[in-house]
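If you read the sequences in order, they're chains B and Y. Quick note, the first sequence lines up with residues 1 to 376 if you use the working numbering. Quick note, the second sequence lines up with residues 1 to 376 if you use the working numbering.
For the record, the hints were derived by calculation from the structure and aren't laboratory data. If you're wondering where the values come from, they're calculated on a predicted model, not measured in any experiment. Check before you lean on any hint, since a few could be wrong.
Because identical chains cannot be distinguished in the list, a pair is counted as satisfied if it fits within a single copy or across any two copies.
Calculated lysine-lysine pairs in the DSSO-like style (CA-CA distance at most 27 Å, straight line) [claimed, not checked]: (1) 367 / 261; (2) 332 / 310; (3) 141 / 32; (4) 73 / 305.
One letter stands for each residue in the lines below.
2 protein chains.
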Amino acid sequence: MTIDEAPSVGMVKTQTVRLIDPPDKLSLESGKSLTPIDVAYETYGTLNRDKSNAILLCHALSGDAHAAGYHTKNDTKLGWWDRLVGPKKAFDTDHYFVICTNFLGGCKGTTGPNSINPQTNQPYGLDFPVITVSDMVNLQKRFIDHLGIPRLKAVTGGSLGGMQAMEWAIQYPEMIENAIVIAAAAHVTAQGIAFHEIGRHAIVSDPQWQQGNYNPKVPPKEGLSIARMVGHITYLSDYSFNTRFGRRLQDKDKFDYNFSKEFQVESYLHYKGSSFVKRFDANTYLYISKTMDYFDLEGKYGSLKKAFEKVKAKFLILSFTSDWLFPTRQSKDLVNALLANDKHVSFIEVETDYGHDAFLLEGEKLKALIERFLIT
Amino acid sequence: MTIDEAPSVGMVKTQTVRLIDPPDKLSLESGKSLTPIDVAYETYGTLNRDKSNAILLCHALSGDAHAAGYHTKNDTKLGWWDRLVGPKKAFDTDHYFVICTNFLGGCKGTTGPNSINPQTNQPYGLDFPVITVSDMVNLQKRFIDHLGIPRLKAVTGGSLGGMQAMEWAIQYPEMIENAIVIAAAAHVTAQGIAFHEIGRHAIVSDPQWQQGNYNPKVPPKEGLSIARMVGHITYLSDYSFNTRFGRRLQDKDKFDYNFSKEFQVESYLHYKGSSFVKRFDANTYLYISKTMDYFDLEGKYGSLKKAFEKVKAKFLILSFTSDWLFPTRQSKDLVNALLANDKHVSFIEVETDYGHDAFLLEGEKLKALIERFLIT
Chain B
1 MTIDEAPSVG
11 MVKTQTVRLI
21 DPPDKLSLES
31 GKSLTPIDVA
41 YETYGTLNRD
51 KSNAILLCHA
61 LSGDAHAAGY
71 HTKNDTKLGW
81 WDRLVGPKKA
91 FDTDHYFVIC
101 TNFLGGCKGT
111 TGPNSINPQT
121 NQPYGLDFPV
131 ITVSDMVNLQ
141 KRFIDHLGIP
151 RLKAVTGGSL
161 GGMQAMEWAI
171 QYPEMIENAI
181 VIAAAAHVTA
191 QGIAFHEIGR
201 HAIVSDPQWQ
211 QGNYNPKVPP
221 KEGLSIARMV
231 GHITYLSDYS
241 FNTRFGRRLQ
251 DKDKFDYNFS
261 KEFQVESYLH
271 YKGSSFVKRF
281 DANTYLYISK
291 TMDYFDLEGK
301 YGSLKKAFEK
311 VKAKFLILSF
321 TSDWLFPTRQ
331 SKDLVNALLA
341 NDKHVSFIEV
351 ETDYGHDAFL
361 LEGEKLKALI
371 ERFLIT
Chain Y
1 MTIDEAPSVG
11 MVKTQTVRLI
21 DPPDKLSLES
31 GKSLTPIDVA
41 YETYGTLNRD
51 KSNAILLCHA
61 LSGDAHAAGY
71 HTKNDTKLGW
81 WDRLVGPKKA
91 FDTDHYFVIC
101 TNFLGGCKGT
111 TGPNSINPQT
121 NQPYGLDFPV
131 ITVSDMVNLQ
141 KRFIDHLGIP
151 RLKAVTGGSL
161 GGMQAMEWAI
171 QYPEMIENAI
181 VIAAAAHVTA
191 QGIAFHEIGR
201 HAIVSDPQWQ
211 QGNYNPKVPP
221 KEGLSIARMV
231 GHITYLSDYS
241 FNTRFGRRLQ
251 DKDKFDYNFS
261 KEFQVESYLH
271 YKGSSFVKRF
281 DANTYLYISK
291 TMDYFDLEGK
301 YGSLKKAFEK
311 VKAKFLILSF
321 TSDWLFPTRQ
331 SKDLVNALLA
341 NDKHVSFIEV
351 ETDYGHDAFL
361 LEGEKLKALI
371 ERFLIT
């Protein structure tokens, strides 16, 4: 049985809970605080009696709580990690109780910049406070407490999700048995910040952005689309671009010598940009790309060794050969810092041409590694 | 004496000549034709009696005819290849007569999209025909004929300039003694096309672009700036971004946690974008990035081996270890195709952290290699 034939968790529904209500509030790393806060979540599988089989999935920049299964019978889009979450999959829902929440600042049910600011009855827009990975984790912690789960069998995620997984193991060492960190790093590179800033600049330069106060029905489509196109290049690899598209032309045999989309790769990028605009919020993109830029374990804890000093989790660190957004050398920095603290860490650089997106796509390879890690 | 202490060609002036006037015209690869055509150029050094010491420099996407020296006494900006062109430099103006023209479709004196269309008395805008590398070379050929030079000691350039140098050696084999091709390739990669298309899309999405008919005083600044920011990332290397900027903050000790430019790298990118807008034309950017995308020696000649079948020039192919826009593997493809034709070719991969921009920056290293190649 290949992973695509594997059973699914089936039909699921995103739930929402008002987790924080005034006078309760969430204190943020910026010094500000936020209330009220809703959290959107999905769960798969069954929590066992001693509540020891819960696995928390942390999603990446454009993800949401919908990690597995489908929402309607005719749904063409499965949850973002359906390849890894389900019966007999890497995160086997026959054995584990798998939880995924939309992170703080998201636009898929958890309170974020496009939520209604109770003080104005308008969307927050730029009045929303800046969110850090630590803030996201603190809200997830409240949610796990709310479920009455004392300790997580594992916390995991790719990219920004991997950053959250690390922060979990650092901030709540007693609560994390295993941390599976995929295609992530202690910080984004300067080049990564540069790509993010171009995306943000494209959004705020779009006249429809309106200083962040756009009508949700007239969003800054072009700006967000450009941001996504830029991002998408960083998620693939040079190799995968060449094999998938090369110089193949778009619906033509020879050049038109004009400004039509001559190449398939141009058409593909535009498709990626315009389909993203239909499902994602521009201000949220601003905030979450910032969240990634701010993340910096060395900066926050003084050194990477100090950052991991108190962790108790066993770590599985996975990187991808063709990932140039979070290159393997950065994963090795994590491994070295954990080893310097005599922590338990397994590390594998997975051979793949998919680039950074491999954390979403390499279902079979990841299953083999994760399954074994969780059992031993 | 280091290269920076080396003498300069001194004060120079860009000249312009009306090279083509109706009924004469230039036939283009697209099937269209263009007339009239002005060519802007500079020359350095002295043409010898038998006209055998001329070297033609071909510039890259954002370059111009001003390759060396300065235009005014207080000029803070030297010509784009001043590190390589001048007395005792790689292209030694004590020995060689060095020529540089602004290419066809440029915005620095040679006829291009921002020139006046004599049929409308308005700038051409999108009525300008699409230009290929072959068209650029054909116009340069007319210019060299105009100077009465029968054969070039060398033709050279980096990036798009290197593409022109190859096309010269292929189209006019009898006229080229040496071809020095730096940081170039037989075609841009699919990823390269993708980056170009994002830049183009940013320009045409800018409301000030006005379907290409913008008032030159109110150009699509934001779009062109984004295009340049994207381009700039591809010209540097991940390593150089990390060493030059890392995570250093911009005029602050700690995060402001807002949408100001927190990191130096953000500020730098914006500076690069906004300074480019002051010196470059948006429509020209559309056309010239297309010119690069269209270039494809395999596509045009059937195979890379066939492309080089009739060349007579000796080739020097130079690539840079950290260049990911035109990676060394692509330079090796050129070398292999030349060798398959039993042509004379020298190849060196230059160790550098500067990325693609090394062709502009590695003056000392390039001097050592080019000087020796031209003498032997």
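Verification of the hints:
Taking the shortest alpha-carbon separations for residue 367 and residue 261, neither the intra-copy value of 39 Å nor the inter-copy value of 40 Å comes in at or below 27 Å. Taking the closest pair of Cα atoms, residue 332 and residue 310 come within 27 Å of each other only inside a single copy of the chain (19 Å); across copies the shortest separation is 50 Å, beyond that limit. Taking the shortest Cα distances, residue 141 and residue 32 sit within 27 Å of each other inside one copy (18 Å), while across copies they are farther apart (66 Å). Taking CA atoms no more than 27 Å apart as the test, residue 73 paired with residue 305 passes in neither setting, with 48 Å inside one copy and 54 Å between copies.
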